[in-house]
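Number of protein chains: 2
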Amino acid sequence: MRNSVFFIFIGLLFCPPATFAQEWKSIFNGKDLSGWVLKGGEAEFKVIEGAIVGTARINTPSTYLCTEKKYDDFILEFEVYLSNELNAGVQFRSDERNNGEVYGYQCEIDPKKRKWTGGIYDQGRKGWLYPLSRNEGARDAFQMGRWNKFRIEAYGNQLNTYVNGTQCSRLVDDQSSDGFIGLQVHSIGDRNKKEGYSVKWKNFIILSKEVDKHIKLDPNVSEISYLKNELTDREKKNGFRLLWDGVTTEGWRGVRSNEFPAQGWKIEEGMLTVLADEANSKGEHIVTMDQFGNFELVLDFRVTKGANSGIRYFVNEERTVSACEYQILDDKKHPDASKGTNGNRKLASLYDLVPAEPLSSGVKKDPFKGVGKWNRATIVSKDGKVEHWLNNVKMVEYDRYSQMFEALVLYSKYSGHENFGRWDAGSIMLHDHHDEVSFRSIKIRELND
Amino acid sequence: MRNSVFFIFIGLLFCPPATFAQEWKSIFNGKDLSGWVLKGGEAEFKVIEGAIVGTARINTPSTYLCTEKKYDDFILEFEVYLSNELNAGVQFRSDERNNGEVYGYQCEIDPKKRKWTGGIYDQGRKGWLYPLSRNEGARDAFQMGRWNKFRIEAYGNQLNTYVNGTQCSRLVDDQSSDGFIGLQVHSIGDRNKKEGYSVKWKNFIILSKEVDKHIKLDPNVSEISYLKNELTDREKKNGFRLLWDGVTTEGWRGVRSNEFPAQGWKIEEGMLTVLADEANSKGEHIVTMDQFGNFELVLDFRVTKGANSGIRYFVNEERTVSACEYQILDDKKHPDASKGTNGNRKLASLYDLVPAEPLSSGVKKDPFKGVGKWNRATIVSKDGKVEHWLNNVKMVEYDRYSQMFEALVLYSKYSGHENFGRWDAGSIMLHDHHDEVSFRSIKIRELND
Chain W
39 MRNSVFFIFI GLLFCPPATF AQEWKSIFNG KDLSGWVLKG GEAEFKVIEG AIVGTARINT
99 PSTYLCTEKK YDDFILEFEV YLSNELNAGV QFRSDERNNG EVYGYQCEID PKKRKWTGGI
159 YDQGRKGWLY PLSRNEGARD AFQMGRWNKF RIEAYGNQLN TYVNGTQCSR LVDDQSSDGF
219 IGLQVHSIGD RNKKEGYSVK WKNFIILSKE VDKHIKLDPN VSEISYLKNE LTDREKKNGF
279 RLLWDGVTTE GWRGVRSNEF PAQGWKIEEG MLTVLADEAN SKGEHIVTMD QFGNFELVLD
339 FRVTKGANSG IRYFVNEERT VSACEYQILD DKKHPDASKG TNGNRKLASL YDLVPAEPLS
399 SGVKKDPFKG VGKWNRATIV SKDGKVEHWL NNVKMVEYDR YSQMFEALVL YSKYSGHENF
459 GRWDAGSIML HDHHDEVSFR SIKIRELND
Chain E
39 MRNSVFFIFI GLLFCPPATF AQEWKSIFNG KDLSGWVLKG GEAEFKVIEG AIVGTARINT
99 PSTYLCTEKK YDDFILEFEV YLSNELNAGV QFRSDERNNG EVYGYQCEID PKKRKWTGGI
159 YDQGRKGWLY PLSRNEGARD AFQMGRWNKF RIEAYGNQLN TYVNGTQCSR LVDDQSSDGF
219 IGLQVHSIGD RNKKEGYSVK WKNFIILSKE VDKHIKLDPN VSEISYLKNE LTDREKKNGF
279 RLLWDGVTTE GWRGVRSNEF PAQGWKIEEG MLTVLADEAN SKGEHIVTMD QFGNFELVLD
339 FRVTKGANSG IRYFVNEERT VSACEYQILD DKKHPDASKG TNGNRKLASL YDLVPAEPLS
399 SGVKKDPFKG VGKWNRATIV SKDGKVEHWL NNVKMVEYDR YSQMFEALVL YSKYSGHENF
459 GRWDAGSIML HDHHDEVSFR SIKIRELND
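Residue numbers (the working numbering), protein chains in the order written: chain W, 39 to 487; chain E, 39 to 487.
Hints were generated in silico from the structure; no laboratory data involved.
Remember, predicted model here, so these are calculated numbers, not experimental data.
Just so you know, not all the hints are guaranteed correct.
A pair holds if it fits inside one copy or across any two, identical chains being indistinguishable in the list.
[Unchecked claim] For lysine to any residue, the following SDA-like pairs were computed, each having C-alpha atoms within a straight-line distance of at most 25 Å:
#	residue 1	residue 2
1	Lys151	Asn457
2	Lys275	Lys403
3	Lys275	Gly138
4	Lys151	Ser440
5	Lys84	Tyr109
6	Lys423	Ser399
7	Lys254	Arg163
8	Lys274	Glu117
9	Lys420	Ser260
10	Lys403	Gly454
11	Lys423	Arg438
12	Lys151	Trp461
13	Lys232	Ser476
14	Lys403	Asn457
15	Lys423	Asp437
16	Lys370	Glu444
17	Lys164	Asp70
18	Lys411	Pro149
19	Lys451	Ser376
20	Lys187	Tyr141
21	Lys402	Thr311
22	Lys304	Glu395
23	Lys153	Ser440
24	Lys251	Gly308
25	Lys304	Pro99
26	Lys63	Asn258
27	Lys107	Thr286
28	Lys304	Asp421
29	Lys238	Asn486
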């Protein structure tokens with residue numbers, strides 16, 4: 039008896055572990071481009087010494103070498119070599135429209151100063167979904183002038199990327215559940231200097247069975263989710279809750295009122311929309327029933343042309359409704375954008391106090407996605423330190439208990455508002471400025487130790 | 039031979055160490071007040087159970103129980119018990135004038151919120167010389183409702199205090215080289231509530247020979263020196279140098295000039311004085327030949343009635359002379375004090391940007407010593423973080439590279455001054471505003487790692 043138990047135990051030890059059962063398959067034969075097809079522009083793709091080499095040409099759109107086959111859940115690994123400033127990427131779960139126009143998720147190869155290689159860009163659709171401004175530690179994972187190992191995991195709505203073992207993106211998005219894989223050589227427009235710049239890929243292997251068993255994941259990397267009015271497991275675990283349920287008015291009321299406003303707001307198709315004023319309607323701001331001091335608030339908003347709204351926080355209705363405000367505005371068409379002092383009334387600014395500007399490393403461009411598109415506002419408040427983020431780029435940071443904040447308030451239109459911005463906690467308020475603006479996916483977590 | 043060397047060695051080991059030779063003497067016999075004499079007011083001093091008990095009375099000035107004997111260099115130890123909010127202290131190297139008015143150094147017993155017990159106050163003369171705002175860690179050394187051990191070291195111009203083993207003050211001052219020791223019960227005015235409040239002292243011992251051999255010293259405690267145009271050894275060791283030699287114009291010149299101004303300034307009696315304008319004189323600001331970025335600047339200034347001056351720093355003459363300014367002003371009489379925004383043009387403010395206010399723990403009172411008195415300005419600049427101190431109390435703090443600083447500048451009169459306050463380094467500039475203001479003891483050290 040004893041001996042047989044012993045042998046069973048030994049036998050278990052020598053069972054091949056699950057990883058041995060992985061069925062990795064190559065999707066590039068190392069010799070020619072069979073199984074691959076060209077889409078979009080006319081950049082050149084060749085096989086040289088076992089690698090696919092993509093070379094830029096002027097005056098042609100972005101060009102994609104795509105798998106004929108489509109993939110849903112998979113783990114893809116490959117290597118990339120880049121020695122010059124050529125933007126490139128690897129599409130996945132992608133598709134085409136209008137005869138060659140590729141769209142869908144792209145794992146970026148981004149040699150620009152911001153160094154967002156490994157971030158996820160939504161080509162031809164929503165733009166940056168996971169910029170590395172949310173994971174700055176991963177910006178140095180990719181190295182120029184050497185082979186870099188990439189890994190993309192796509193499982194259900196979870197999309198993860200890794201470069202040289204460092205997790206870069208952790209995205210949750212449900213726009214596309216399958217599609218082809220495609221290698222991008224980005225358009226270089228008419229920049230002669232970049233003519234002939236090239237990028238190399240090799241050693242493509244893919245796993246498409248039992249994908250969930252092989253998901254890696256760095257617990258320190260932030261997840262970004264675009265699920266509509268729905269929390270991911272990780273968000274729940276991190277203490278997030280929906281501040282609006284997507285359907286009812288629960289948790290919200292009019293300012294200095296027990297009721298939700300009878301007019302001015304509409305709930306439809308998972309959107310909370312403040313309506314443009316009609317002659318006979320009367321608008322009202324709405325506030326949360328709950329109060330928040332240390333918190334992280336995330337919400338998506340969509341402005342119509344020329345619209346004005348805003349997210350106030352630390353709102354104390356008893357004393358005043360004036361409070362710190364994340365400005366929401368169509369900067370191009372609303373006159374308030376040119377008022378205030380040096381742009382401190384523009385989108386994402388701390389209204390009338392601190393002008394918004396990209397603060398994340400290497401970012402210069404305004405991250406606003408445009409009127410009629412969904413944009414993400416994030417407000418983080420912890421022990422006096424407050425940040426405004428727009429589409430995952432940090433735009434404002436200040437310390438509400440500092441001497442400089444007080445000095446700034448005294449210069450602003452809030453001079454004379456005692457204790458402005460310094461209440462321990464307050465409601466969150468959404469502005470009704472009589473312009474149509476929609477909100478959804480309003481999530482909050484408290485940041486108490 | 040070998041043996042005799044050995045015994046000499048052993049002999050040295052058993053020599054009594056220097057501490058054994060200390061000649062501590064008692065200055066209170068534990069029974070009566072012989073050797074002590076009362077000065078000033080009529081608070082009561084009695085001997086009870088081996089301790090001297092001082093008890094407050096209303097409507098009498100501060101009262102002092104003083105040694106008949108005078109001491110120059112000494113180390114004094116004693117114990118203090120306080121159980122109520124009665125201000126008290128121990129005078130040393132003190133004297134009297136006008137029949138009972140005691141003046142001189144006082145080791146404070148300070149039960150107020152600021153907790154400056156162990157600090158050194160210059161009674162009847164210059165006020166606070168060593169406030170614990172420069173040594174906040176020592177504010178908790180003294181405890182109410184128990185016996186606390188005090189130690190005062192006076193050696194040459196060095197004056198150190200300790201409470202329960204914690205060094206509180208490290209002062210260098212040369213006003214008085216000897217005087218009596220005196221126990222103070224502070225006046226309580228007409229506050230009936232404090233009538234009968236008491237303070238107890240016991241176990242006085244004094245050492246007055248070979249004092250230098252027994253000086254303790256905590257190397258982490260800042261030294262404050264009031265020597266005129268002269269550096270202490272410790273200041274030299276810490277990298278300080280005189281920015282003005284007290285005699286010549288060396289190191290200084292007129293703005294955008296190679297020469298020191300021919301008019302408007304006077305050097306006399308160790309003071310650098312900007313003169314009030316006469317009809318025929320023309321004033322000019324002066325700047326240092328050297329440039330400073332990370333630095334600690336300490337200087338003493340004296341304003342005349344209604345006077346205006348200032349200390350600019352990070353001055354870039356090529357581009358502009360407008361730069362960050364430590365405002366120097368007679369707030370009471372100069373009209374600029376009420377201009378600007380909420381007092382941001384008052385003494386010690388970051389001119390037109392950040393209003394000065396006491397920031398050190400527990401301090402409420404404006405630390406200005408008055409027109410015609412010497413006051414100390416300190417400016418610390420390190421990696422963007424800048425502080426203004428007035429008479430050793432922190433009054434302003436800001437980060438010149440922060441987004442808030444930029445937002446504040448844009449609201450101020452410096453809006454449009456490109457790169458204001460952000461040059462890596464610049465000259466130090468003293469303002470000639472055509473009002474008489476004197477400077478001395480101008481010291482600087484660079485704070486590079």
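Structure-based check of all given hints:
Taking CA atoms no more than 25 Å apart as the test, lysine 151 paired with asparagine 457 passes between copies only; the shortest distance there is 23 Å, against 41 Å inside one copy. Taking the closest pair of Cα atoms, lysine 275 and lysine 403 never come within 25 Å of each other, the shortest separation being 33 Å inside a single copy and 49 Å across copies. Taking the shortest Cα distances, lysine 275 and glycine 138 never come within 25 Å of each other, neither inside one copy (42 Å) nor across copies (73 Å). Proximity of lysine 151 to serine 440 under the C-alpha cut-off of 25 Å is restricted to the inter-copy arrangement: shortest distance 22 Å between copies versus 32 Å within a copy.
In this assembly of identical chains, lysine 84 and tyrosine 109 lie within 25 Å of each other by CA distance solely inside one copy; the values are 24 Å within and 96 Å between copies. Taking identical chains as interchangeable, the C-alpha atoms of lysine 423 and serine 399 lie at most 25 Å apart whether they share a chain (19 Å) or sit on different chains (21 Å). Taking the closest pair of Cα atoms, lysine 254 and arginine 163 never come within 25 Å of each other, the shortest separation being 27 Å inside a single copy and 72 Å across copies. With identical chains, the CA atoms of lysine 274 and glutamate 117 are never at most 25 Å apart, being 35 Å at best within one copy and 59 Å at best between copies.
Taking the shortest Cα distances, lysine 420 and serine 260 sit within 25 Å of each other inside one copy (17 Å), while across copies they are farther apart (33 Å). Proximity of lysine 403 and glycine 454 under a CA criterion of 25 Å is satisfied inter-copy only: 23 Å between copies versus 36 Å inside one chain copy. Taking the shortest Cα distances, lysine 423 and arginine 438 sit within 25 Å of each other both inside one copy (6 Å) and across copies (17 Å). Taking identical chains as interchangeable, the C-alpha atoms of lysine 151 and tryptophan 461 lie at most 25 Å apart only when they sit on different chains, with a minimum of 24 Å there against 40 Å within one chain.
Taking the closest pair of Cα atoms, lysine 232 and serine 476 never come within 25 Å of each other, the shortest separation being 42 Å inside a single copy and 64 Å across copies. Taking CA atoms no more than 25 Å apart as the test, lysine 403 paired with asparagine 457 passes between copies only; the shortest distance there is 21 Å, against 35 Å inside one copy. In this homomeric assembly, lysine 423 and aspartate 437 come within 25 Å of each other (Cα to Cα) both inside a single copy, at 4 Å, and across copies, at 14 Å. Proximity of lysine 370 to glutamate 444 under the C-alpha cut-off of 25 Å is restricted to the inter-copy arrangement: shortest distance 23 Å between copies versus 30 Å within a copy.
Taking the closest pair of Cα atoms, lysine 164 and aspartate 70 never come within 25 Å of each other, the shortest separation being 34 Å inside a single copy and 90 Å across copies. Taking the shortest alpha-carbon separations for lysine 411 and proline 149, neither the intra-copy value of 27 Å nor the inter-copy value of 62 Å comes in at or below 25 Å. For the identical chains of this complex, lysine 451 and serine 376 are neighbours both inside a copy (15 Å) and across copies (19 Å), given an alpha-carbon limit of 25 Å. Within a single copy, lysine 187 and tyrosine 141 get their C-alpha atoms as close as 24 Å, which meets the 25 Å cut-off; across copies the closest is 78 Å, which misses it.
Taking the closest pair of Cα atoms, lysine 402 and threonine 311 never come within 25 Å of each other, the shortest separation being 31 Å inside a single copy and 49 Å across copies. Taking CA atoms no more than 25 Å apart as the test, lysine 304 paired with glutamate 395 passes in neither setting, with 32 Å inside one copy and 49 Å between copies. Proximity of lysine 153 and serine 440 under a CA criterion of 25 Å is satisfied inter-copy only: 23 Å between copies versus 33 Å inside one chain copy. When the C-alpha separation of lysine 251 and glycine 308 is checked against a cutoff of 25 Å, the pair qualifies neither within a copy, at 34 Å, nor between copies, at 81 Å.
For a Cα distance limit of 25 Å, the shortest separation of lysine 304 from proline 99 qualifies neither inside one copy, at 42 Å, nor across copies, at 74 Å. For a Cα distance limit of 25 Å, the shortest separation of lysine 63 from asparagine 258 qualifies neither inside one copy, at 30 Å, nor across copies, at 65 Å. In this homomeric assembly, lysine 107 and threonine 286 never come within 25 Å of each other (Cα to Cα): the closest approach is 44 Å inside a single copy and 86 Å across copies. With identical chains, the CA atoms of lysine 304 and aspartate 421 are never at most 25 Å apart, being 35 Å at best within one copy and 51 Å at best between copies.
In this assembly of identical chains, the alpha carbons of lysine 238 and asparagine 486 never lie at most 25 Å apart, being 48 Å within a copy and 46 Å across copies at closest.
Of the numbered hints stated above, those contradicted by the structure are hints 2, 3, 7, 8, 13, 17, 18, 21, 22, 24, 25, 26, 27, 28 and 29, listed in ascending order.
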